[in-house]
Each structure stands twice: as structure tokens, then as C-alpha cells.
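We have chain A; now place chain B onto it with these hints.
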Amino acid sequence: MVLMLIGSAYQLLGTRIHQADNLEDSDGARLAAEAGFRYAQAQLQKDPGWRGGDSNVTVVNQPGTVVVEDHGNVLGILTDLDGNVRQFRIRFNFHNGTGSSPDEGLDDPDTYWFDSPFVSVNNLSNNSGAPMFRAEPSAGQMRVLSGSPQPYQVARFSATVIVEGLAGDALRSTNPTQWEPPANLGKTLSRVVLETTVARGDLVLIDSALYSGGETSIQLDPSNGVLNVTSQDGSPPKIRSLSSIGVYGQDTSVYQTATDGKVHIGDTGGAQFRVAGGISTSAAGAGDPQSTNKQVKTWPRLKWSEVRRAPVAGSTLSAGIYLWRNAPPRLEYYNEEYTGGPPVGPVTQLNPPMPPSVTVHNAGFRMRITDNTYITPTGSATGFTVLADPALSALGKRPQTIFSPPAGSTEAPVLSSDGGVYLESSLDGLGSITAEQSITFQGTSAFQTNPGQSVALYAKQDIEVLPVPPSVASHIQSSVVVSGSDGDDDGGDSGSDGDSGGSSPSSTLSNFMGTSLAVTPGAQDIAFGGMLYALGNIKMDLTSTGGQGNLFMRGIMSAYGGDPELDQDPGSDPLTGKVVANITNGMLVYDPAYAAQTGSMSAPSPLVITFQAQLER
Amino acid sequence: MNRRRGLSLAEVLLAMLVVALLVLTTAAMNFSMLRSNKKSTDRPVGYLAAQQILARELYGVQDDNPAGSKAAFWAGNWPNTPWRSGQEVVNRTQFQYDIYAVTLQDVISGEPLGNQAPGFVNNRIKKIDIRVNWTQSPDGTRGGAGILRSTYTRFLHESE
Chain A
1 MVLMLIGSAY QLLGTRIHQA DNLEDSDGAR LAAEAGFRYA QAQLQKDPGW RGGDSNVTVV
61 NQPGTVVVED HGNVLGILTD LDGNVRQFRI RFNFHNGTGS SPDEGLDDPD TYWFDSPFVS
121 VNNLSNNSGA PMFRAEPSAG QMRVLSGSPQ PYQVARFSAT VIVEGLAGDA LRSTNPTQWE
181 PPANLGKTLS RVVLETTVAR GDLVLIDSAL YSGGETSIQL DPSNGVLNVT SQDGSPPKIR
241 SLSSIGVYGQ DTSVYQTATD GKVHIGDTGG AQFRVAGGIS TSAAGAGDPQ STNKQVKTWP
301 RLKWSEVRRA PVAGSTLSAG IYLWRNAPPR LEYYNEEYTG GPPVGPVTQL NPPMPPSVTV
361 HNAGFRMRIT DNTYITPTGS ATGFTVLADP ALSALGKRPQ TIFSPPAGST EAPVLSSDGG
421 VYLESSLDGL GSITAEQSIT FQGTSAFQTN PGQSVALYAK QDIEVLPVPP SVASHIQSSV
481 VVSGSDGDDD GGDSGSDGDS GGSSPSSTLS NFMGTSLAVT PGAQDIAFGG MLYALGNIKM
541 DLTSTGGQGN LFMRGIMSAY GGDPELDQDP GSDPLTGKVV ANITNGMLVY DPAYAAQTGS
601 MSAPSPLVIT FQAQLER
Chain B
1 MNRRRGLSLA EVLLAMLVVA LLVLTTAAMN FSMLRSNKKS TDRPVGYLAA QQILARELYG
61 VQDDNPAGSK AAFWAGNWPN TPWRSGQEVV NRTQFQYDIY AVTLQDVISG EPLGNQAPGF
121 VNNRIKKIDI RVNWTQSPDG TRGGAGILRS TYTRFLHESE
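Chains as they are written, first to last, in the numbering used here: chain A, 1 to 617; chain B, 1 to 160.
There could be a bad hint or two in this list.
Just some of the chain B residues that point at chain A, by a computed CB distance under 10 Å [what the hints assert, rightly or not]:
id	residue
1	P44
2	Q51
3	L58
4	Y59
5	D106
6	N123
7	R124
8	Y152
Listed below are the simulated SDA-like cross-link pairs for lysine to any residue, each with C-alpha atoms no more than 20 Å apart in a straight line [to be verified]:
id	chain 1	residue 1	chain 2	residue 2
9	A	K46	A	S600
10	A	K460	A	T545
11	A	K303	A	E565
12	A	K46	B	E111
13	A	K262	B	N115
14	A	K539	A	G514
15	B	K70	B	E160
16	A	K46	B	R43
17	A	K46	B	N122
18	A	K460	A	E337
19	A	K297	A	F611
20	A	K262	A	T252
21	A	K187	A	Q437
22	A	K294	A	D563
23	A	K46	B	V12
24	A	K187	A	V204
25	A	K187	B	R43
26	A	K539	A	S244
27	A	K187	A	T174
28	A	K46	B	S109
29	A	K294	A	T610
30	A	K262	B	P112
31	A	K46	B	G110
32	A	K46	A	I609
33	A	K262	A	S173
34	A	K460	A	S474
35	A	K46	A	S602
36	A	K46	B	A75
37	A	K294	B	I108
38	A	K46	B	N115
39	A	K262	A	K303
40	A	K262	B	Q62
Just so you know, these hints were derived from the structure itself, not from any lab.
The C-beta atom is built at its ideal place from N, Cα and C for all residues, glycine as well.
Here chain A stands alone, though its shape is the one from the complex:
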């Protein structure tokens, strides 16, 4: 009996000791996994392209902490004050060699092959989802193969980091050279797997087709005009204002959106969502007040210093006024700053020489920009102005300013001005304009940029679209044509400078908008693709002179009302941030593909945790 008593006591004591060990080991494994996540977080914030390194290097080597990165696999060995050893392991490598499908772009590790099925994914730089794979046993390793399970997608501008944390006596003898715990020692080993998803806070929250720091007022055709708002990625379509939004037309059906669409207005100062002239609380997409604090988190904050601009030392064109005249067709250059009227001084230069990035076709009153062009301040002029002789307009003609990259290139040329850009012409093609003051041009334009370049127009003051002069409007023959073509409409002859007529305008525009058209295009429409970003106001007037003009926009439109460069929130300036539009119809398609400039993807960026869970113990 005594022996039985002694035996049972020792049995229970062993259990109690193991319980104590288990608490510390299991919690230690959790802490190790969290430490691994913190390590990954720091690396990802510093370098959004980080995926565990692309070589075999020791990154941290100090008492108590050693971290090695081996071609996408990360091993961390932590030692506490009592000599207890813990590990964290992160795996980006598919273990499927080089060039095999699916290909993560990494060579196999030199040393650290992890047998975990959990593979992390860095999708921070992409504006669409990426598959999450689970590795499976193959040839003695856990590999990602073409048929491997894909349990879910990693969201755009996000990364999912899966960290395995280990703790226990079995690790006591491990080190970077002998990192696997010896087998069959009967020692404790606890394992925790922690999955965390982080996202680029500056991009992932962007969710609306239209942002206005001040009031938005859109006047549609009073008889049958509509404003249609959709989203390219299937997310609930939204428009936002920190103040009121008014959409004026025939009745409450003028605002069209998906059933899950939202119209977010301010929650102070009596902000309202007005439709058809009346205060509406039950229109399609009824106004949803949101606090400024909440709304500003979703705003694209694009600083002037971050915008892709034409280099100062590259191809340059003198600032001033470029005036098109007829009989004979010619271009006159005036070294003056545009102040709202015709030039006051004599002609500085007739048919001025152009840099390699700019070609001029006098007969077509056409200026074509094929590469990045910086407008050099010259004399007292800082801005770039293109005017049309009134006699030209009287003939039903008007200039064209066209952006088109050379054959074989898809990079949209950028025109940058330290002043304003004023174009008494159409604006067409594939390009980007940045101005330290305002950008103004005429309607019947089709202008877009590449998704990776994001910005179509960036003005530190206002973006303004003027109506087509009535004398010109009656001569416009075809609807806008997009997809990088030159949009030749009526300016003059065709063909002699490489113009192409383009395919059917409706099908081209539909292809460009990425969806079937909600409104019938017309001859005086404007179409944009990209981010239209004004620190001041956005004003579009297509109808005040009696014409008919629709607005088609695919991307994001933002009237900031402040300056993100100065860390000001949207709507900081109560006098700006307004969107005012007089249009026949409008079609806005939110497209997150334009949310970020590819070049900015590699810059350090703070990340927010959007999801965290333990997967396995």
C-alpha cells in the first residue's frame, strides 16, 4: 500500500510539472510567433517588396537573437535570460525550384527547408488579389505545386504572413547550424501558428469614385439626365463628400447605383444628400453621414512630391502662350503669362522649334506630346497655355493637344508645369499632366493614363473643363475615342501625322469603361481614365453654352480641399474641395487599379493589421 501511495504521488507530481512546463512552452511558442510577425512587419514596412530575402544571409546576430533569411524562408532563434530557446519560422518559398508553376520568383533555399504547409504571400504592391497556397508533400518536402490547395485570396495591397512559433526543451540545443530539434529525445516541444494580414493603410481603404472635401453639386439634363456610379472590382460603389452632395435632375431616379452603393456625406453642418432638387432621405443610395475622422481615412493622399512628373533636366518647352492661327495655319509663341485674354505683346517667335518630345502639325492645329516634357519658366511666364484665334473657332475649328507614346512604348508621357496649364483645345490620348496651379481644357476630350502611373491630372489648384465653343460644337462629328488613340475629331485634316480614326466610339468607350455604357455617348463628351486630383476644386461645364456633353470617368476623382504635403486633412480649406459639374449625364466607375503609382509601391509604407488568428497548435 505504501508503495502504491508513493507511486501514485510521483505520477501526479510529474503531471503537475508538465502542466507548468506546458504553460510556459505553449505561451513561449505564441510569443515566438508574435516576435516573428513583428520582424516581418518591420521588414515589410521598410520594403513593401520584402519576401524573406532573395539570398542566404544572417540579418540579425546579437546575444539572444539570431535571424537568418534564406531565399524567402526566415528562421529566428531567440534565447531568454534562462537559456530557454525559441524559434520562429516564416516561409515564402514554394520549394518547387526555379521557374516552375506556380512561380513565386525565388530559388529554393540553400539550408532552411521548412516542413510547414503554410506559405506566406506578399501582395502589397498589387491592385488585385493573389492566391494563397498550401504546400503539400512531394518528394520528401512540402512543396507548392500547380494543383496545390488555394484556400483563399490575399486581398489587394495586402500581405498575409504566417509565422510558426516553437518553444520547449527540445530546442535547447538548437542553433543556426543545427536548427532542427533532435528527434526522439522525449522532450517537450510546443508549436503555434499565427496568421496575420497587413495592408497598406494608405491604399487599401480607398473605396470611392468621387471625393470632395467640400460640397459636390452635379447638375444633369433636367429632362432625362442620370448619374450612374459603379465599381470595377465589385465593391459597393461609393461617392463621398465631407459636406453635402446634390445631384439635380428630373426626379429621384437620376442617381443610379448598385443596391449596396453608398453616398457618404458629412455628419456636421447640416450636410445633406439632395436628389432632384429636394432633400432626400430615401433616394437610391440614401445619404449616409459619416464623421470626417472616418472619411478621411479612405481618402487617397497624394502629395505633390510623390507624383510622377517630367524631369527638369529632360525634354523642355518654354512657358508662355502658344496661339494657333489660320490663313496660313501657324503657331505663334508669346513669352507671356496667360492672364485670361489674348496676348498683349508682340509675337516672340513664329512656329517655334519644338523639343524632341513635341511635334506640331500646323495644318491640323495639332500638338502631339510623345514623351515627358517639362515646361521651363521663361521670363515672367511659368505656365503653359494653348489658345485658338477666335477666327479659328468661327470656322468651326479648334486645336488639339494629344498625348501619345511612341510606337512600342506604353509609358504615358507626362507634361509638368511650375505654373498652370490652360488649353483652349481638346485634350486626348494617353498621358498625364501635373501643374502647380490649375489645369484647364475644353470638352470633347478623352484622356487617360496607365493604371501603374495612376495620375491623369494633378493640379495644386483647380481642374476645370470648359464647354466647347458653340461654333465648334456644331462641327464635331464623332464621339470621343479612347484606348490610346489620338481622338481626332474635327481639328483639321486626318492621317498626315499618323492619326487613326479608331474603331466604333461606343464599343471603344465601353471597353475603356470596363462595363456596358449606362448612358449613350455623344459628340461632346469627355472621358477620363485615371486619377483626377485637385487640391482645390474640380469644375466641369459641358452644357452651359447650350451643348450636350456626358462625363465618363473610370478611376478616382478627388477635390481635396487642402494639401497632403503639409499633412493637412481633406477639407481643411473651407473654400475649396468642391466638385461642380454641369453635364448631360454622368457615368463614374470606381477603379482601384488607379489608386497607386507603381513607382510609389516600393517606398516605405506603414501597414495596418486587418486580420489575425491562430491556425494550429
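Relative to the frame of chain A, chain B by itself:
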């Protein structure tokens, strides 16, 4: 007639001695097991106390309370001498603690890991170690157990 022989006095005394030895040995082992059992019960107490103390200390510094303490914490390193030391009573047990903190260094760049790029801050990591010592158990019955000790280690990111 056969008469059964009884136990002599010496035999009885010898048997009692053996039983006594067994009982004393058993008792001694039981006392030892009790002490070990108590120790294994107290270890989690110490571990949790270490967690609690560390969380409180780090909350204060990350909250920059008092002002300037966060910047000083992230600017310094305490690998061998404690950053903080003190005593705290948790669940009627007094714990003595020492906290050490070291910024992780990137061997390749020679800079702190997650180095502060121009205009981009709050991306460093510190390895934090805390050791707690205690000798009293709540009911004061500990004897001969010596100083108990528990350690706790974690990474702290500057933006937490």
C-alpha cells in the same frame, strides 16, 4: 501437544523499526513532493506576474508617460544592466523584477532593423526580457524552496 512460538521482543522491535523507517522515508518523500508540487504551482504564477509587470511598464513608455520616456527608451539599449528594476506585489506575493531591452540591429546595413527611412518612422524592434524573482508563496508555508525565478521574452515594435 504443539505450541506455536510467538514473536520475541527483539523481533517485534525489529519489525517496528522497519515500519518506522518506511513511514519516515515515505513522509520525507511526501514533504519533498509537496515542495516540488508547490514549486510547479508557483511557476505559472511567476510567469503570469512577469507578463503583467512587463505589460504595465511597456504601456507607460509607449504612451510616452512621462513625456519623453518613449524617445529615451527607443534611443537606448540595456543588454546587461536593467532598463527597469522594481518590486511588485501580485496576488499577495512580492516579486522582484528586472527588465532588459535591446534594439535589433540589421547586420547588413549596420542600422537598426527596419531603419528609419527619411520621413518614415516608428519601425524599430526591441527584444524585451524580464526576469522576476520571489521567495514567498501566498500562504507563507514555503520552506527550503530557495528563490523562485521566471523569465518572459517578447519583441516590441515601435508602433505598438
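Results of checking the hints against the structure:
A distance limit of 10 Å between C-beta atoms decides the matter here; for B/P44 the minimum to chain A is near 5 Å, and the interface restraint holds. Interface restraint check for B/Q51: the shortest CB-CB distance to chain A comes to about 8 Å, inside 10 Å, so the restraint holds. For B/L58, the suggested interface contact is broken, since its CB lies about 13 Å from the closest CB of chain A, more than 10 Å. About 16 Å separates the beta-carbon of B/Y59 from the nearest beta-carbon of chain A, more than 10 Å, and the hint is not met.
The interface hint given for B/D106 holds, since its Cβ lies 6 Å from the closest Cβ of chain A, which is under the 10 Å cut-off. A least Cβ separation of about 5 Å between B/N123 and chain A falls short of the 10 Å threshold, and the interface hint therefore holds. Because the beta carbon of B/R124 sits about 7 Å from the nearest beta carbon in chain A, less than 10 Å, this interface hint is met. At a threshold of 10 Å, the smallest CB-CB gap from B/Y152 to chain A is about 8 Å, leaving the interface hint in force.
Among the hinted pairs, A/K46 with A/S600 is consistent with the structure: their alpha-carbon atoms are about 13 Å apart, no more than 20 Å. This hinted pair does not check out: A/K460 and A/T545 have alpha carbons roughly 27 Å apart, beyond 20 Å. The straight-line distance between the Cα atoms of A/K303 and A/E565 is roughly 5 Å, inside the 20 Å bound, and the hint therefore holds. In summary, the hint linking A/K46 to B/E111 is supported, as the alpha carbons are separated by about 12 Å, within the 20 Å threshold.
Between A/K262 and B/N115 the CA atoms are separated by roughly 41 Å; this puts the pair beyond 20 Å, and the hint is violated. Straight-line distance between C-alpha atoms of A/K539 and A/G514 comes to about 25 Å, which puts the hinted pair past the 20 Å bound. Note on B/K70 and B/E160: the hinted pairing holds, with a Cα-Cα distance of about 12 Å set against a maximum of 20 Å. With a CA separation close to 39 Å, the supplied pair A/K46 and B/R43 exceeds the 20 Å bound.
Between A/K46 and B/N122 the CA atoms are separated by roughly 10 Å; this keeps the pair inside 20 Å, and the hint holds. For the hint pairing A/K460 with A/E337, the CA-to-CA distance comes to about 18 Å; that is within 20 Å, so the pair holds. Only pairs whose Cα atoms come within 20 Å are accepted, and A/K297 paired with A/F611 is accepted, the gap being roughly 18 Å. A C-alpha spacing of about 15 Å is found between A/K262 and A/T252, which places the hinted pair at or below 20 Å, so the restraint holds.
Of the supplied pair hints, the one linking A/K187 and A/Q437 is violated, its CA atoms being roughly 71 Å apart against a limit of 20 Å. A C-alpha spacing of about 18 Å is found between A/K294 and A/D563, which places the hinted pair at or below 20 Å, so the restraint holds. Under the criterion of a C-alpha separation no larger than 20 Å, the hint pairing A/K46 with B/V12 is inconsistent with the structure, at around 84 Å. Taking the CA atoms of A/K187 and A/V204, the gap is near 45 Å; set against the 20 Å cutoff, the hint is violated.
With a CA separation close to 19 Å, the supplied pair A/K187 and B/R43 stays within the 20 Å bound. Simply put, A/K539 and A/S244 have alpha-carbon atoms about 16 Å apart, close enough for the 20 Å limit, and the pair holds. Proximity of A/K187 to A/T174 is assessed by CA-CA distance (about 13 Å); at most 20 Å being required, the pair is judged to hold. A threshold of 20 Å between alpha carbons decides the hint, and for A/K46 with B/S109 the separation of about 13 Å falls inside it, so the pair holds.
Using a Cα cut-off of 20 Å, the hinted pair A/K294 and A/T610 holds, with the two alpha carbons roughly 16 Å apart. At roughly 44 Å between alpha-carbon atoms, A/K262 and B/P112 are farther apart than 20 Å, so this suggested pair is violated. Taken as a hint, the A/K46 and B/G110 pair is honoured in the structure, with Cα atoms around 15 Å apart against an allowance of 20 Å. Pair hint A/K46 plus A/I609 holds up; C-alpha atoms about 16 Å apart against a cutoff of 20 Å.
Annotation: proposed proximity of A/K262 to A/S173 is violated, straight-line Cα distance about 59 Å (limit 20 Å). The hinted pair formed by A/K460 and A/S474 fails the criterion: a straight-line CA distance of about 34 Å is larger than 20 Å. At most 20 Å may separate the alpha-carbon atoms for a hinted pair to count; A/K46 and A/S602 meet this at roughly 9 Å. Restraint check for A/K46 and B/A75: the C-alpha separation of about 19 Å stays at or below 20 Å, so the hint holds.
Simply put, A/K294 and B/I108 have alpha-carbon atoms about 40 Å apart, too far for the 20 Å limit, and the pair is violated. With a C-alpha separation of about 7 Å, the suggested pairing of A/K46 with B/N115 holds against the 20 Å cut-off. Restraint check: the Cα-Cα separation between A/K262 and A/K303 comes to about 27 Å, which exceeds 20 Å; the hinted pair is violated. Between A/K262 and B/Q62 the CA atoms are separated by roughly 38 Å; this puts the pair beyond 20 Å, and the hint is violated.
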